[in-house]
Amino acid sequence: EPEVTQTPSHQVTQMGQEVILRCVPISNHLYFYWYRQILGQKVEFLVSFYNNEISEKSEIFDDQFSVERPDGSNFTLKIRSTKLEDSAMYFCATAGTGFLYEQYFGPGTRLTVT
Amino acid sequence: DAKTTQPPSMDCAEGRAANLPCNHSTISGNEYVYWYRQIHSQGPQYIIHGLKNNETNEMASLIITEDRKSSTLILPHATLRDTAVYYCIVRPERRGGAQKLVFGQGTRLTINP
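Residue numbers (the working numbering), protein chains in the order written: chain A, 1 to 114; chain B, 1 to 113.
To be clear, the hints were calculated from the coordinates, so they are not data collected in a lab. Be aware that one or more of the hints could be misleading.
[To be verified] Some residues of chain A that are not near chain B, with every Cβ distance over 10 Å (derived):
(1) Glu-18
(2) Glu-59
(3) Glu-68
(4) Ser-73
(5) Arg-80
(6) Ser-87
(7) Val-113
[As the list claims (entries may be wrong)] Computed Cβ-Cβ distance ranges for the label pairs, DEER-style:
(8) Asp-67/B x Gln-14/A: 52 to 62 Å
(9) Gly-96/A x His-40/B: 21 to 31 Å
(10) Arg-22/A x Asp-11/B: 31 to 41 Å
(11) Lys-69/B x Gly-40/A: 24 to 34 Å
(12) Leu-84/A x Asn-54/B: 19 to 29 Å
(13) Ile-38/A x Pro-76/B: 31 to 41 Å
Glycine included, every Cβ here is placed at the ideal spot set by N, Cα and C.
Start from the sequences and build out the full structure, keeping to the hints where you can.
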């Protein structure tokens with residue numbers, strides 16, 4: 001069964017550093033999302049991406065965050081200058097054609113900012 | 001988007017049916033009911049969705065009341081691997097573009113041996 005993959009599985013970085021989280025979507029999927037989950041809290045939507053542009057973003061997704069699909073396959077989330085409060089699990093999700101198709105989540109990247 | 005209410009936790013014996021309720025009394029006509037689950041700290045996993053008819057797949061059944069104000073997810077023969085947090089999510093039909101999922105706190109289901 002096809003699956004979403006994410007790298008790295010765990011990233012430790014110092015405050016103020018830039019990090020890039022990578023996601024390989026399921027082949028032929030057209031909708032891409034990033035969510036995050038701070039330890040012990042709810043899964044929160046960050047951003048959705050379709051047709052090479054952001055469709056929607058939450059208030060969490062400020063100027064420190066950016067997304068892109070640099071090579072038509074990988075989908076990346078960049079945090080320009082990490083803060084302690086960015087420590088969380090970051091999940092990529094992708095969905096196929098159609099606006100109701102279920103989202104398939106990757107295993108997540110645990111980001112720890114020290 | 002309509003709000004959902006779920007019990008914070010439930011227990012079920014292994015091999016029995018697990019029935020997880022969800023209240024979505026403010027659901028509107030074009031909103032679908034989705035169920036996802038999250039095992040430990042893994043990525044959420046899609047289970048099933050429906051609009052007004054009952055649905056069944058290889059994982060579960062979804063029963064939606066006639067007035068659509070509540071639904072029940074049924075795991076017919078729960079196993080220890082079904083221990084997870086289960087999320088009921090109401091999601092509008094919006095044509096064009098991506099549609100986010102809004103997660104609540106969910107129900108922590110524990111399957112006991």
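Least C-beta distance from Glu-59/A to chain B larger than 10 Å: holds (13 Å)
Ser-73/A non-interfacial with respect to chain B [C-beta, more than 10 Å]: Fine: 18 Å to the nearest Cβ keeps Ser-73/A off the interface.
I want to verify a distance hint. Is the separation of the beta carbons of Ile-38/A and Pro-76/B within 31 to 41 Å? Holds, at about 34 Å.
Grab the minimum beta-carbon distance between Ser-87/A and chain B and tell me whether it stays above 10 Å. For Ser-87/A, whose nearest Cβ neighbour in chain B is about 13 Å away, the distance exceeds 10 Å, so it holds.
Regarding Asp-67/B and Gln-14/A, is the given constraint of 52 to 62 Å on their beta-carbon distance met? holds (54 Å)
Status of the stated non-contact between Val-113/A and chain B (beta carbon gap over 10 Å): holds (17 Å)
Evaluate the condition: distance from the CB of Glu-18/A to the nearest CB of chain B exceeds 10 Å. holds (24 Å)
Report holds if the minimum CB distance from Glu-68/A to chain B is greater than 10 Å, and violated otherwise. holds (15 Å)
Least C-beta distance from Arg-80/A to chain B larger than 10 Å: The claim stands: Arg-80/A keeps its Cβ more than 10 Å from every Cβ of chain B (closest is about 23 Å).
Taking the Cβ atom of Lys-69/B and the Cβ atom of Gly-40/A, is their distance within the range 24 to 34 Å? Distance hint for Lys-69/B, Gly-40/A holds at roughly 30 Å.
Could you say whether the range 31 to 41 Å given as a hint is met by the Cβ separation of Arg-22/A and Asp-11/B? This hint holds: roughly 39 Å between Cβ atoms.
Taking the CB of Gly-96/A and the CB of His-40/B, does the distance hold inside 21 to 31 Å? The hinted range 21 to 31 Å holds for Gly-96/A and His-40/B, with Cβ atoms some 26 Å apart.
Checked against the numbered hints listed earlier, the structure breaks hint 12 alone; every other hint is satisfied.
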